[in-house]
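K.L.:
Each chain, written out:
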Amino acid sequence: MSGFNLAKMETLKQTLESTLESVDKVEEWVIQEAGIAGFEEDEQHQIGMAVRECAVNAVVHGNRYNSKKRMHVEIQRTPQALTVIIGDEGDGFAMTSLPDPLAPENLLKQSGRGLLLIRAFMDDFDLHPRPGGGTEVKLVKNIVT
Amino acid sequence: MDAAGRITLGEGASAFRGAIRDLVAKGNKKILLNLGEVSYIDSSGIGELVSGFTTVQNAGGQLKLVGLSKRVKDLLQITKLYTVFEAFDDETEAVRSFS
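Here the protein sequences come in this chain order: A and B. Going by the numbering used here, the first residue of the first sequence is number 8, and it counts up by one from there. Going by the numbering used here, the first residue of the second sequence is number 907, and it counts up by one from there.
Calculated directly from the structure, the hints in this document are not laboratory data. Please note: incorrect hints may appear among the correct ones.
Listed below are the simulated DMTMM-like cross-link pairs for lysine to aspartate or glutamate, each with C-alpha atoms no more than 25 angstroms apart in a straight line [as the list claims (entries may be wrong)]:
#	chain 1	residue 1	chain 2	residue 2
1	A	116	B	917
2	A	145	B	943
3	B	976	A	47
4	B	976	A	50
5	A	32	B	995
6	A	32	B	992
7	B	979	A	112
8	B	986	A	133
9	B	976	A	133
10	B	986	A	81
11	B	976	A	35
12	B	986	A	96
13	B	970	B	943
14	B	979	A	131
Derived DEER-like restraints, expressed as beta-carbon distance ranges [unchecked claim]:
#	chain 1	residue 1	chain 2	residue 2	range
15	A	49	B	934	34 to 42 angstroms
16	A	42	B	1003	50 to 58 angstroms
17	A	105	B	911	36 to 44 angstroms
All C-beta atoms in this analysis are idealised placements derived from N, C-alpha and C, irrespective of residue type, glycine included.
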């Protein structure tokens, strides 16, 4: 018998309005899926917070609360990892333009810590243009068995 | 000042901001912020903590923290804000530190 593992992947998708209520919904949904995937409570909280930061970026900075624009969320659950993809319909985003929130001159700035938290809490983070316009982020948290 | 619930983007963060500004406007210079009942802070909430800190400092006062949960302590570590905020586990010790 070969060691080939045909891993089962479950994919769930939602399209939501550009509101803070949608941000709360996405966070709750992801925490629930993280629990199903087997993550412990602290990890669920961290995944939820990372996803919340991305959802806020999509709604606030990407779609700018525009009622005609949507946030697109996809959750992929495999035995190896939980992957969350969040897309907006905004004008795009250049990560290189962001100041380092840990630099001494930026420590007392009010904003700019979202990506720092996302990177701290997730195993992989990728940001790229969304097909059809906007920005898409992909967050991965590995399941350690 | 006792904070409770969620300090996140939206109503939670703006209510927190308003409360700090009220205290400063009333002339309070020594503000101890008890976060013991705060269940959740996101990056916007952290931003409000920083903004509160600078508001109080610019008015010639001090803002210190007490009752931080492990999760909030972790956030301050990740963001390096533990180097900015004076934080205490014990309220009596925190109050004494102002004198």
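K.L.:
Look at each hint and say if it fits the structure.
P.N.:
Tested hints:
1. A:116 x B:917: Judged against 25 angstroms, a Cα distance of about 20 angstroms means the pair holds.
2. A:145 x B:943: violated (33 angstroms)
3. B:976 x A:47: Status holds; Cα separation ~15 angstroms.
4. B:976 x A:50: holds (13 angstroms)
5. A:32 x B:995: violated (33 angstroms)
6. A:32 x B:992: violated (34 angstroms)
7. B:979 x A:112: Distance of about 22 angstroms is within 25 angstroms: holds.
8. B:986 x A:133: holds (24 angstroms)
9. B:976 x A:133: Violated, at roughly 28 angstroms.
10. B:986 x A:81: violated (32 angstroms)
11. B:976 x A:35: Distance of about 21 angstroms is within 25 angstroms: holds.
12. B:986 x A:96: violated (33 angstroms)
13. B:970 x B:943: holds (16 angstroms)
14. B:979 x A:131: holds (23 angstroms)
15. A:49 x B:934: 34 to 42 angstroms: Given a distance of about 35 angstroms, which is inside 34 to 42 angstroms, the answer is holds.
16. A:42 x B:1003: 50 to 58 angstroms: violated (40 angstroms)
17. A:105 x B:911: 36 to 44 angstroms: This hint is violated: roughly 29 angstroms between Cβ atoms.
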